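Since the structure of chain A is provided, determine the placement of chains H, S, B, E and U on it from the hints.
Chain by chain, the residues:
There are 6 protein chains.
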Amino acid sequence: MSFNHFDGQGKAIMVDVSGKKKTLRTATAAATVHMSSNLLQAILDHKTTKGDVLGVARLAGIAASKKVPDLIPLSHPLAIHHAAIEFNCDVDQGTVEVQATVRAYERTGVEMEAMVSASLAALTIYDMCKGSEKDISIDAVRLLFKEGGKSGTYRAEGL
Amino acid sequence: MSFNHFDGQGKAIMVDVSGKKKTLRTATAAATVHMSSNLLQAILDHKTTKGDVLGVARLAGIAASKKVPDLIPLSHPLAIHHAAIEFNCDVDQGTVEVQATVRAYERTGVEMEAMVSASLAALTIYDMCKGSEKDISIDAVRLLFKEGGKSGTYRAEGL
Amino acid sequence: MSFNHFDGQGKAIMVDVSGKKKTLRTATAAATVHMSSNLLQAILDHKTTKGDVLGVARLAGIAASKKVPDLIPLSHPLAIHHAAIEFNCDVDQGTVEVQATVRAYERTGVEMEAMVSASLAALTIYDMCKGSEKDISIDAVRLLFKEGGKSGTYRAEGL
Amino acid sequence: MSFNHFDGQGKAIMVDVSGKKKTLRTATAAATVHMSSNLLQAILDHKTTKGDVLGVARLAGIAASKKVPDLIPLSHPLAIHHAAIEFNCDVDQGTVEVQATVRAYERTGVEMEAMVSASLAALTIYDMCKGSEKDISIDAVRLLFKEGGKSGTYRAEGL
Amino acid sequence: MSFNHFDGQGKAIMVDVSGKKKTLRTATAAATVHMSSNLLQAILDHKTTKGDVLGVARLAGIAASKKVPDLIPLSHPLAIHHAAIEFNCDVDQGTVEVQATVRAYERTGVEMEAMVSASLAALTIYDMCKGSEKDISIDAVRLLFKEGGKSGTYRAEGL
Amino acid sequence: MSFNHFDGQGKAIMVDVSGKKKTLRTATAAATVHMSSNLLQAILDHKTTKGDVLGVARLAGIAASKKVPDLIPLSHPLAIHHAAIEFNCDVDQGTVEVQATVRAYERTGVEMEAMVSASLAALTIYDMCKGSEKDISIDAVRLLFKEGGKSGTYRAEGL
Numbered sequence: 209m210s211f212n213h214f215d216g217q218g219k220a221i222m223v224d225v226s227g228k229k230k231t232l233r234t235a236t237a238a239a240t241v242h243m244s245s246n247l248l249q250a251i252l253d254h255k256t257t258k259g260d261v262l263g264v265a266r267l268a269g270i271a272a273s274k275k276v277p278d279l280i281p282l283s284h285p286l287a288i289h290h291a292a293i294e295f296n297c298d299v300d301q302g303t304v305e306v307q308a309t310v311r312a313y314e315r316t317g318v319e320m321e322a323m324v325s326a327s328l329a330a331l332t333i334y335d336m337c338k339g340s341e342k343d344i345s346i347d348a349v350r351l352l353f354k355e356g357g358k359s360g361t362y363r364a365e366g367l
Numbered sequence: 209m210s211f212n213h214f215d216g217q218g219k220a221i222m223v224d225v226s227g228k229k230k231t232l233r234t235a236t237a238a239a240t241v242h243m244s245s246n247l248l249q250a251i252l253d254h255k256t257t258k259g260d261v262l263g264v265a266r267l268a269g270i271a272a273s274k275k276v277p278d279l280i281p282l283s284h285p286l287a288i289h290h291a292a293i294e295f296n297c298d299v300d301q302g303t304v305e306v307q308a309t310v311r312a313y314e315r316t317g318v319e320m321e322a323m324v325s326a327s328l329a330a331l332t333i334y335d336m337c338k339g340s341e342k343d344i345s346i347d348a349v350r351l352l353f354k355e356g357g358k359s360g361t362y363r364a365e366g367l
Numbered sequence: 209m210s211f212n213h214f215d216g217q218g219k220a221i222m223v224d225v226s227g228k229k230k231t232l233r234t235a236t237a238a239a240t241v242h243m244s245s246n247l248l249q250a251i252l253d254h255k256t257t258k259g260d261v262l263g264v265a266r267l268a269g270i271a272a273s274k275k276v277p278d279l280i281p282l283s284h285p286l287a288i289h290h291a292a293i294e295f296n297c298d299v300d301q302g303t304v305e306v307q308a309t310v311r312a313y314e315r316t317g318v319e320m321e322a323m324v325s326a327s328l329a330a331l332t333i334y335d336m337c338k339g340s341e342k343d344i345s346i347d348a349v350r351l352l353f354k355e356g357g358k359s360g361t362y363r364a365e366g367l
Numbered sequence: 209m210s211f212n213h214f215d216g217q218g219k220a221i222m223v224d225v226s227g228k229k230k231t232l233r234t235a236t237a238a239a240t241v242h243m244s245s246n247l248l249q250a251i252l253d254h255k256t257t258k259g260d261v262l263g264v265a266r267l268a269g270i271a272a273s274k275k276v277p278d279l280i281p282l283s284h285p286l287a288i289h290h291a292a293i294e295f296n297c298d299v300d301q302g303t304v305e306v307q308a309t310v311r312a313y314e315r316t317g318v319e320m321e322a323m324v325s326a327s328l329a330a331l332t333i334y335d336m337c338k339g340s341e342k343d344i345s346i347d348a349v350r351l352l353f354k355e356g357g358k359s360g361t362y363r364a365e366g367l
Numbered sequence: 209m210s211f212n213h214f215d216g217q218g219k220a221i222m223v224d225v226s227g228k229k230k231t232l233r234t235a236t237a238a239a240t241v242h243m244s245s246n247l248l249q250a251i252l253d254h255k256t257t258k259g260d261v262l263g264v265a266r267l268a269g270i271a272a273s274k275k276v277p278d279l280i281p282l283s284h285p286l287a288i289h290h291a292a293i294e295f296n297c298d299v300d301q302g303t304v305e306v307q308a309t310v311r312a313y314e315r316t317g318v319e320m321e322a323m324v325s326a327s328l329a330a331l332t333i334y335d336m337c338k339g340s341e342k343d344i345s346i347d348a349v350r351l352l353f354k355e356g357g358k359s360g361t362y363r364a365e366g367l
Numbered sequence: 209m210s211f212n213h214f215d216g217q218g219k220a221i222m223v224d225v226s227g228k229k230k231t232l233r234t235a236t237a238a239a240t241v242h243m244s245s246n247l248l249q250a251i252l253d254h255k256t257t258k259g260d261v262l263g264v265a266r267l268a269g270i271a272a273s274k275k276v277p278d279l280i281p282l283s284h285p286l287a288i289h290h291a292a293i294e295f296n297c298d299v300d301q302g303t304v305e306v307q308a309t310v311r312a313y314e315r316t317g318v319e320m321e322a323m324v325s326a327s328l329a330a331l332t333i334y335d336m337c338k339g340s341e342k343d344i345s346i347d348a349v350r351l352l353f354k355e356g357g358k359s360g361t362y363r364a365e366g367l
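Chain order of the listed sequences is A, H, S, B, E and U.
So in our numbering, the last one in the first sequence is 367, and the numbering has no gaps at all.
So in our numbering, the last one in the second sequence is 367, and the numbering has no gaps at all.
So in our numbering, the last one in the third sequence is 367, and the numbering has no gaps at all.
So in our numbering, the last one in the fourth sequence is 367, and the numbering has no gaps at all.
So in our numbering, the last one in the fifth sequence is 367, and the numbering has no gaps at all.
So in our numbering, the last one in the sixth sequence is 367, and the numbering has no gaps at all.
Quick caveat, the hints were computed from the structure, so don't treat them as lab data.
Because the structure is a prediction, the values reported are computed rather than measured.
Below, computed lysine-lysine pairings styled on DSSO-like, alpha-carbon distance capped at 30 Å:
#1 E/Lys358 - B/Lys229
#2 U/Lys342 - E/Lys229
#3 E/Lys229 - B/Lys228
#4 U/Lys230 - S/Lys275
#5 H/Lys342 - A/Lys229
#6 U/Lys219 - E/Lys342
#7 B/Lys275 - A/Lys275
Coverage of chain U stretches by chain E, computed from C-beta distances (three or more under 8 Å per stretch; other residues unrestricted):
#8 270 to 281
#9 329 to 342
#10 348 to 356
Listing some non-contacts, in silico: residues in chain B with all C-beta distances to chain E over 10 Å:
#11 Gln217
#12 Asp224
#13 Lys229
#14 Asp253
#15 Lys342
#16 Ser359
#17 Glu365
The beta-carbon is built from N, C-alpha and C at its ideal position, and this holds for glycine as well.
With the rest of the complex left out, here is chain A (with noise of 0.2 Å):
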């Protein structure tokens, strides 16, 4: 077994990817917020008249998206064509599920591009609504859908 981003004496490199080529790529990802079915409805419902948290997280993500050269030491600097963060809320779960989807056309992936746009995305959601509970938290952070390179298309098992 070896890791992506060292080279053979297990130094930390930024992966040379001068010598592939330019292909359209598009990841997906994704991140569930936990919270009260009672904070979820009022987010929902005060959307015009207390504060829109979702349209917040939104713009968080998206603008996380263009950071990630900054955030993921040996990730490369991409030039990102496309972002969008979806919310699917479930009151009586409590749950926000964000999906954070990314698209470029370049030399290699854009999966930390959309997994990093997710979970800042959850993060500030989680930011607005800690003062009204505690005990908010995130799981599901992970990759459902990426096609565009070599390795071919990857789906989430059960997608």
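Just chains H, S, B, E and U, lined up with the frame of chain A:
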């Protein structure tokens, strides 16, 4: 129910903390990375010869604790005085629990610094291992502990 | 006449403020975006169905207030304690006046934080509307109010 | 009327430009700083002995053209190939017109790079002179010219 | 004699490279850190038990290669495709030579990316050791090699 | 021998300085750029007609003093209160000695702010001259002076 980061009319603001006193604030947050036992064993074995995955993730987590003002839209810029990352590895379960602790003498809490730090350390582990295993996921991103603010000490249930 | 940010020989410096006392500083700056009445009416009507232009601009303005040390070459890094954006819309005139208020307990004023914040909120409105109307312009970028420094309170003429 | 940066349901997105062809894009934007004739004369006289206000502002404008992805929420990261700032000074009027020109071979236009560049150069002039005169203002922030995109060449009225 | 980054009138510009063809560019730069033999021996001995100084410095160097557009005023934003850091240690001399190699398929060279990368790796070694020894210094910061541009291959004298 | 930025088990940390008192800290660092006498003479002659190389480098050095938390992995974010750059030019020797001085009222020293500031000013000189001369190098990057911390005043040997 009201939200921290909106004014009375629902407009997003950076809440005025100029009237608050500085106190010593500490927060610890966690995030757990799930992978196969084999992969985790390889990470632990290979530290000195094939590359130090956890060492890279630790630095990513510490760096992220300094970038919260850029990442969380309505957060205050804080002068962090301490940041540290611990890893609790369980090879049988294939889990790495990241714990990030942040401390500052400030007017507002450092929960987001700890939450973002733990998340980015976990996402960096994902990045470095995604070439070996595609279905790695992160869960249990949550606040474990905080103290030093007006609302008193918080400890996650079961700790 | 001499300039703030140069030493006695005309060399650019970050002026030494280490000997100054911290005081509570507030500044409000404005910028006015000019567009057609129709377009402004559409922004106000569409808030919840076609997209919240002013909500996005508000977040851009708040984020910008935290980026002044990176944008204004000789500015000091400041720990901002409050940032808020107001919009005054006049549909007949086709104008959106952005007002940005920033507060900090610091050794130097927060005028630039307010000026940059108002400007970036206005530029974001431009960005979101430029596909509909090409001749949108911004004027009256100016300081409305400041207080808390040695030079006393300032209020723009006519306010 | 619809807005560039929202999807069909009014959600903010970074619009997908992956299907667009790269073309050579140029944009020029302007911003005019208003001050007293005396102050402007002093800026022009003092260039080599008391400090080069316009030289500092020029660098601030060029630097800002590279920071648009961080500043404008839904903008695409672009690889800029050229940035330049011109100043047109009218001592009698007490005006400095900043003109910022940006060029890139890209899938989307560089208007925002030029608008942000001109604005930050103007705001830097304000910063450097605000100790001498408090009522300096900026107006006529607008696009003068763009070419290279699908919508053709644009030239502001009267140019 | 003329300078790269000024126009015909001496004004600083980001030189227009939009007309240049993309070619594969490589650059290697070096920086040498001087310390006592004892301290260097300790760094090499302690790697796994007292902390991996060179491992941290390597990541700082790679991260810095991505920050050149923010650090060097008139540089172009480049999409780096490879970055790596080597350390050549001479315990008798008490020297660590840092070599940073950067590669990109771009319109302009990557010398500054390599120079900044080597410098920040060296400065990070300084940072981590300055508590043990105050007179650590860095010298021989220079370009060792570049190829891929119009001006042909360059190799520092004596290599 | 132990290292500043690792805990007892060799793990990288941002050292806890929350218990330290704020004191006024000053540091001066230097870096010397070596080039031909002709090139240096041209820089000094051309200041006002062909471009102000040292003026650009000065601003790069000041800007870099504010970016240390992003560049040096285990550094603390500090609120700098003063930054200045001096150049000592020796045409016969073809040397520009950069001296960067930084001051802050803080819990930890500003050596790294001064070291990074001097280095980036020197690297910017290199950038602006590399088209004229390829073998420009930088040496004697070192701390000249610091005061204000627990360890007392430091002055480099021979000063």
